[in-house]
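Chemist: Sequence:
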Amino acid sequence: MKGPLFYSKILLFGEYGIIKDSKGLSIPYNFYNGALKKDENPTEEALKSNESLKRFATYLKGLDKDLVIFNSNRLQKDVDAGMYFDSSIPQGYGVGSSGALVAAIYDKYASDKITVLENLTREKLLRLKTIFSEMESFYHGKSSGLDPLNSYLSLPILINSKDNIEATGIPSQKAEGKGAVFLLDSGIVGETAPMVSIFMESMKNEGFRSMLKDQFIKHTDACVDDFLKGDMKSLFKNTKQLSKVVLNNFKPMIPVQFHELWKKGLDTNDYYLKLCGSGGGGYILGFTENIDKAREALKGQKLEVVYNF
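Counted from 1, the sequence shown has number 269 at position 269 by my numbering; the numbering is strictly sequential.
None of these hints come from the bench; they were simulated from the model.
The reader is advised that the hints may include incorrect statements.
[As the list claims (entries may be wrong)] Below are the DSS-like pairs computed for lysine-lysine, each with C-alpha atoms no more than 27 Å apart in a straight line:
#1 K37 x K54
#2 K77 x K108
#3 K65 x K54
#4 K299 x K240
#5 K48 x K61
[As the list claims (entries may be wrong)] Pairwise CB distance ranges, derived in the manner of DEER restraints:
#6 K2 x V305: 27 to 33 Å
#7 N164 x K263: 32 to 38 Å
#8 N30 x N160: 23 to 29 Å
In this text the structure is predicted, and so the values were computed from the model without any measurement.
Backbone N, C-alpha and C define an ideal beta-carbon position, used for all residues, glycine too.
Please construct the entire structure, taking both the sequences and the accompanying hints into account.
Modeler: Given below as structure tokens:
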């Protein structure tokens, strides 16, 4: 048995902001993927995944039946038979490892599921997001449901606000373009829950709240608009501002050894860094107008291009 593939995702813009109604833009990232599987001779990794799926199956039984109904008997039977999630998506890297798993389980076991082939009205998208949010909360404590949504639909998702989301198109890539979005590997696994706790704690501070509204969300929204319009000049201007705001106000979310590199990008304009997901480790997102310059400036770092303009 091997189920269909579900891909990782990258939230280009909107980390933390979407908790407070900023815009967001999330794109599928096909470099990593995962699928439900059964094997005759499971590896240790597969056994661990199966154990986790057993707990997840129990959790799903407790979800509101008005929201979603699963074929629990079939799921239980498959899990008992050793089913696991075979995934190349790194965990704790901000690219949606639990999101792909949630999407795979919904796809295979939900009754009356909303499919990608039907007319995806805003109501259907929001319903899916709500279902996925409830499902993924098993892994994160609190989930927006966006990662699984992205993985399930394999489409770019534009978040206008909490209750206004739509599938969107993004400007097509230019293979020979010098401009690029890239990932930097911090080499550390990040954990979402502690980072979100730090953020929620900071939100009690009036100064932090107004910075979020007047600077962070303002620049995030502008970046999303610029990116979708393909206005690269304005995009880099706003990304620089966003990068600066993050360095000044989200230090705990940036691994210490990247503070200098972050500042160096702002000083030289060779690249601008931002958080990828909740931070604390995993990947860091980079934007550059000249990928050769960025590679040179970031020599010794593991850098992977995800999008060219």
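Chemist: All the hints need checking, so say for each whether the structure fits it.
Modeler: We went through each hint and held it up to the structure:
{"no.": "1", "hint": "K37 x K54", "verdict": "14 Å, holds"}
{"no.": "2", "hint": "K77 x K108", "verdict": "13 Å, holds"}
{"no.": "3", "hint": "K65 x K54", "verdict": "19 Å, holds"}
{"no.": "4", "hint": "K299 x K240", "verdict": "21 Å, holds"}
{"no.": "5", "hint": "K48 x K61", "verdict": "21 Å, holds"}
{"no.": "6", "hint": "K2 x V305: 27 to 33 Å", "verdict": "29 Å, holds"}
{"no.": "7", "hint": "N164 x K263: 32 to 38 Å", "verdict": "36 Å, holds"}
{"no.": "8", "hint": "N30 x N160: 23 to 29 Å", "verdict": "25 Å, holds"}
Consistency with the previously given hints is maintained throughout, with no hint failing.
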